[in-house]
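A.B. asks: Chains A and B, in that order, are what the protein sequence lines are.
Counting from 0, one number per residue, gives the positions in the first sequence under numbering that gives the first Met the number 0.
Counting from 0, one number per residue, gives the positions in the second sequence under numbering that gives the first Met the number 0.
Bear in mind the hints are in silico, worked out from the structure with no lab data behind them.
Every residue, glycine too, gets a C-beta built ideally from N, C-alpha and C.
Cβ-Cβ distance ranges computed for the label pairs, FRET-style:
(1) A:Leu47 / B:Thr65: 17 to 27 Å
(2) A:Ile53 / B:Lys156: 35 to 45 Å
(3) B:Gly173 / A:Glu52: 47 to 57 Å
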Amino acid sequence: MASNHRQAGDGGSGGSAQRRPPEWADGLKQLYDSVVEEALPDSFKDLLDRLDEIDPARSRNAGNDDAPPQGRGTQDQ
Amino acid sequence: MSDERPTGDRRSAADKSDFKRDLTQVVPHLRAFARGLCGRPDLADDLVQETLLKAWAAQDRFEPGTSMRAWTFVILRNAYLTDMRRNRFRGEYDEGVAERILTAPAGQEEPIHLSDLHRALLTLPAERREALLLVGAGGFSYEEAAAICGCAVGTIKSRVGRARAALSEMLANGAIPRRSTDDDVAHRAILEELDMVAAGNGVSTRG
Chain A
0 MASNHRQAGD GGSGGSAQRR PPEWADGLKQ LYDSVVEEAL PDSFKDLLDR
50 LDEIDPARSR NAGNDDAPPQ GRGTQDQ
Chain B
0 MSDERPTGDR RSAADKSDFK RDLTQVVPHL RAFARGLCGR PDLADDLVQE
50 TLLKAWAAQD RFEPGTSMRA WTFVILRNAY LTDMRRNRFR GEYDEGVAER
100 ILTAPAGQEE PIHLSDLHRA LLTLPAERRE ALLLVGAGGF SYEEAAAICG
150 CAVGTIKSRV GRARAALSEM LANGAIPRRS TDDDVAHRAI LEELDMVAAG
200 NGVSTRG
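Please build the complete structure, drawing on both the sequences and the hints.
C.D. replies: Here it is, written out as structure tokens:
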């Protein structure tokens with residue numbers, strides 16, 4: 000935890016640590032992509048179909064706590 | 000809320016259908032981000048459904064032409080943090096998908112199990128985990144990730160750097176915390192120890 004100094008590359012300490020990042024970095028993308036490529040469960044198709052029946056203007060209050068204007072975090076109290 | 004415009008008429012049917020098309024396209028990405036954040040597929044999908052409803056309800060705040068993925072990620076992130084505060088997620092991990100896949104880069108002695116990587120990822124503090132997910136998996140720039148998290152670019156860079164260092168160290172040392180369920184030996188040892196303690200034979204070597 001004491002290694003707060005900036006490192007130009009990734010994890011600069013130790014030889015094996017230096018070889019690892021590219022390896023798992025690819026794995027991280029694989030984890031992400033494997034979910035992206037999954038077939039969408041029916042529950043999502045159902046939900047998307049139902050959206051048209053929901054009037055956004057009327058249900059706005061439901062979204063107010065978490066939906067930001069743009070890129071800004073909000074707190075929900 | 001404090002909009003000057005009457006929100007009801009602002010969006011035409013065409014706007015709505017554009018919005019829905021864009022929203023539909025980002026669902027797989029929302030699922031991937033959510034899975035990375037909270038680990039368990041069922042909870043992650045709940046989170047995405049919640050996000051879709053919130054995004055739909057707030058659609059007149061979306062600026063057409065900007066990134067739907069970034070916009071919905073903010074909503075998902077906020078929903079996740081809210082749920083975290085309510086203790087719904089505790090870094091629970093589902094072995095399912097990750098266990099099946101093995102990443103074995105050419106010329107590398109030891110392949111890394113994606114399940115190990117995922118488990119290691121889930122041990123990171125939430126803010127570092129999300130930063131790494133956004134930049135390292137989602138392909139966002141530091142600037143975009145900073146906008147999504149509502150913090151400075153430097154903060155994101157530092158979080159990503161620390162997350163990378165922590166993961167590298169865990170994976171290099173093989174020091175990945177294991178779930179009790181997938182480590183029967185450790186699990187049994189803990190139970191036996193508890194039995195001994197319960198029976199009055201305190202384990203003196205443990206502080």
